[in-house]
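A.B. asks: Residue numbers (my numbering), protein chains in the order written: chain A, 155 to 490; chain B, 155 to 490.
It should be emphasised that the hints constitute simulated quantities derived from the structure, not laboratory data.
Hints may be right or wrong, so weigh each one.
Same chains, same names: a pair is fine if it fits in one copy or spans any two.
Calculated cross-link-like contacts (lysine-lysine; reagent style DSBU-like; alpha-carbon spacing at most 30 Å) [claimed, not checked]:
| no. | residue 1 | residue 2 |
| --- | --- | --- |
| 1 | K386 | K328 |
| 2 | K415 | K302 |
| 3 | K448 | K302 |
| 4 | K401 | K184 |
| 5 | K386 | K165 |
| 6 | K439 | K386 |
| 7 | K437 | K334 |
| 8 | K439 | K370 |
| 9 | K250 | K437 |
| 10 | K181 | K448 |
| 11 | K165 | K184 |
| 12 | K448 | K184 |
| 13 | K362 | K415 |
| 14 | K302 | K439 |
| 15 | K334 | K367 |
| 16 | K250 | K386 |
| 17 | K418 | K447 |
| 18 | K370 | K328 |
| 19 | K362 | K448 |
| 20 | K370 | K250 |
| 21 | K386 | K181 |
| 22 | K362 | K250 |
| 23 | K250 | K165 |
Just so it is clear, the structure is predicted and the values come from calculations on it, not from any experiment.
Below are the chains, spelled out letter by letter.
Number of protein chains: 2
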Amino acid sequence: MSATEKKKENKIIDFGSNLWYGATLDKLEKHLVDNIHLISQYPERNAESLRRLLSRRFEVPAENIIITSGTTSTIGHIAHAFQGCRSLLIGPCGRKLEERCLVHEHELRFQNEVNALEEIELGDAQLCWLASPNTISGKMWPRRDLLKYIDAHPEVIFVVNVTYNAYAIEEELKHSDLGKRKNLIFHISVSKSYNLPGIRLSYIMAPKAIAPKIEKFISPFAINTMAQEAGKYIFVHPAQFVIPIRKWLRNTNDLIATLSKCTKLEVLPSSMPYFLLHLDGKKGKDLADYLLKKYGFIVRTSEYIMGLDENTIGISTRSPEENQQLADAIIEWVEA
Amino acid sequence: MSATEKKKENKIIDFGSNLWYGATLDKLEKHLVDNIHLISQYPERNAESLRRLLSRRFEVPAENIIITSGTTSTIGHIAHAFQGCRSLLIGPCGRKLEERCLVHEHELRFQNEVNALEEIELGDAQLCWLASPNTISGKMWPRRDLLKYIDAHPEVIFVVNVTYNAYAIEEELKHSDLGKRKNLIFHISVSKSYNLPGIRLSYIMAPKAIAPKIEKFISPFAINTMAQEAGKYIFVHPAQFVIPIRKWLRNTNDLIATLSKCTKLEVLPSSMPYFLLHLDGKKGKDLADYLLKKYGFIVRTSEYIMGLDENTIGISTRSPEENQQLADAIIEWVEA
């Protein structure tokens, strides 16, 4: 079926979020359907069972783990625990990170386009927020470099979003790297890499001295029973949630090769199945509007992002056929 | 089937929470099952659709309404918005109210056993937290008296939990009483009166000047899609969720009459299908342990409650047969 035929069916194809588009959730959905009666049961106070499960799976003590209702909640809770601190945000990153830090009166600095870690200007920052892999650009720092850098700056707490570790084939940060480190906080969205953005489920792994400070501000009983059950199912059945990442990255490389043939496009480096695309002087918003109206394709624009200029869009790749349709449509527009 | 036979089947009967035990949720469950794919959809940022629905249903502007993940979250968010304020808590009430206010550094006073509203010692309180109907004792202040009292004290903000309005046959506070009042905040747990404690869904109705202060600290995207969908279903199909309250209260009166025959028991006044039972000098915890072990009956003890002495238990009534079994078991124990 051609792209325009698909559009006629009003089919929207989302190239804009980094969800693993191929997730097969039949078994998880069946499990939740079989347990729908859980809507009438009180949830565990602090999702203790799920915590224990994560603790065993990742060999991190349960007391270091906090369950939250998704990334925005995670960020809010951490920002709250460090109310009024000096924070450095490494871009690109979602605007919600800035928003939640400002709500909790952080003194903010923003630094974009950091290549080597040594380029980070920590200054007098008390917290440094980053994502590796970066959630927007797909840039990733090697595990050893990152740990070495973190250990070299014990006066700064590094809050690292490692949600897209699930998509990494290079050596990524591991949960067990928390170890005895006192200045490292991980956070991970379960919903995102498993294509479950509706359930709102994330977790934080933080040092013993910090975890209770974060947890203090989280209302107990806030994670609903269906979300807790979905989380437990995922970590009890990891084999059902394996992402064919090498294949996905091959498809990504093919798409990048196709786009790169067009001299008016520049693909920025990424280690992930998503990447940034620079449009030679044209506005990303205009392209996004065109793609949505004509083909029903969604791409990411700079609207809710810090550190992305208006000439850049974000693309998360999908199947070869869909990628080809997207590339054709983009090239058609930039060449016009 | 006798109570001990039931216990042999390991059946637990919950007389301890105020949920409407008879709720038939088949249609709601079917609706959620039919919409299980919502786990893969992003939730609305601030549950806008549900908000609009509540706004139309209760004739309160959407900007006055905030959706939260259950009562504990509600309390936390309100306490946060009034960080460091002087709060008066009217008992009995859950310990979580005290806990959340302390987390947000409120200066707390507690007053128990308030009969007439005039007995409330407001002093220099900035906030007064109460529940009408009271969530523990079932005591309820008449609507007109409560509004008159609130209006007579414009310098105090009254935070009123009206969750059990759904069980009231006397004239209860109405959502529209919010009106132009500047010192009244309502909050309601949807999960509770509809026997859905697993979904975590509550809402706050607050004056225009206060609502944004509360919302500011709530992370967007925190209410999961299943909870939003359940809420929408409930308010689109209110007829499916009507509680046969007169019948339930008749059953309650029968149980009270049975218990009152025993001179070692004193039933405290309540307008609700739940009430407090004073045990002449004996410990509620001992009775609760006995009932659970021997019959699988759960009753409420003073453990997580402020303003309940250790000789008092809370009972939420159920069917006539179950109530009779509970009464027999209690009388057997107190007479022993």
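A.B. asks: All hints, please: hold or fail.
C.D. replies: Here is how each hint holds up against the structure:
1. K386 <-> K328: within (20 Å within a copy, 40 Å between copies)
2. K415 <-> K302: neither (38 Å within a copy, 75 Å between copies)
3. K448 <-> K302: neither (48 Å within a copy, 60 Å between copies)
4. K401 <-> K184: Answer is within: at 27 Å inside a copy they meet the 30 Å cutoff, but 38 Å across does not.
5. K386 <-> K165: between (32 Å within a copy, 25 Å between copies)
6. K439 <-> K386: Neither, since 39 Å and 33 Å both go past 30 Å.
7. K437 <-> K334: This pair counts as neither: shortest intra-copy Cα distance 47 Å, inter-copy 46 Å.
8. K439 <-> K370: Answer is between: at 28 Å across copies they meet the 30 Å cutoff, but 41 Å inside does not.
9. K250 <-> K437: within (23 Å within a copy, 51 Å between copies)
10. K181 <-> K448: This pair counts as neither: shortest intra-copy Cα distance 35 Å, inter-copy 39 Å.
11. K165 <-> K184: both (25 Å within a copy, 26 Å between copies)
12. K448 <-> K184: Answer is neither: 36 Å inside a copy and 37 Å across each miss the 30 Å cutoff.
13. K362 <-> K415: Neither way: K362 and K415 sit 51 Å apart in one copy and 55 Å across, limit 30 Å.
14. K302 <-> K439: Neither, since 39 Å and 55 Å both go past 30 Å.
15. K334 <-> K367: within (17 Å within a copy, 39 Å between copies)
16. K250 <-> K386: both (28 Å within a copy, 27 Å between copies)
17. K418 <-> K447: within (22 Å within a copy, 76 Å between copies)
18. K370 <-> K328: So K370 and K328 pass the 30 Å test inside one copy only (26 Å; across, 34 Å).
19. K362 <-> K448: Neither, since 52 Å and 41 Å both go past 30 Å.
20. K370 <-> K250: Both ways: K370 and K250 sit 22 Å apart in one copy and 12 Å across, limit 30 Å.
21. K386 <-> K181: This pair counts as both: shortest intra-copy Cα distance 13 Å, inter-copy 26 Å.
22. K362 <-> K250: Answer is both; intra-copy 27 Å and inter-copy 24 Å each pass.
23. K250 <-> K165: Classified as within; 29 Å inside a copy, 47 Å across copies.
Checked against the numbered hints given earlier, the structure breaks hints 2, 3, 6, 7, 10, 12, 13, 14, 19 and satisfies all the rest.
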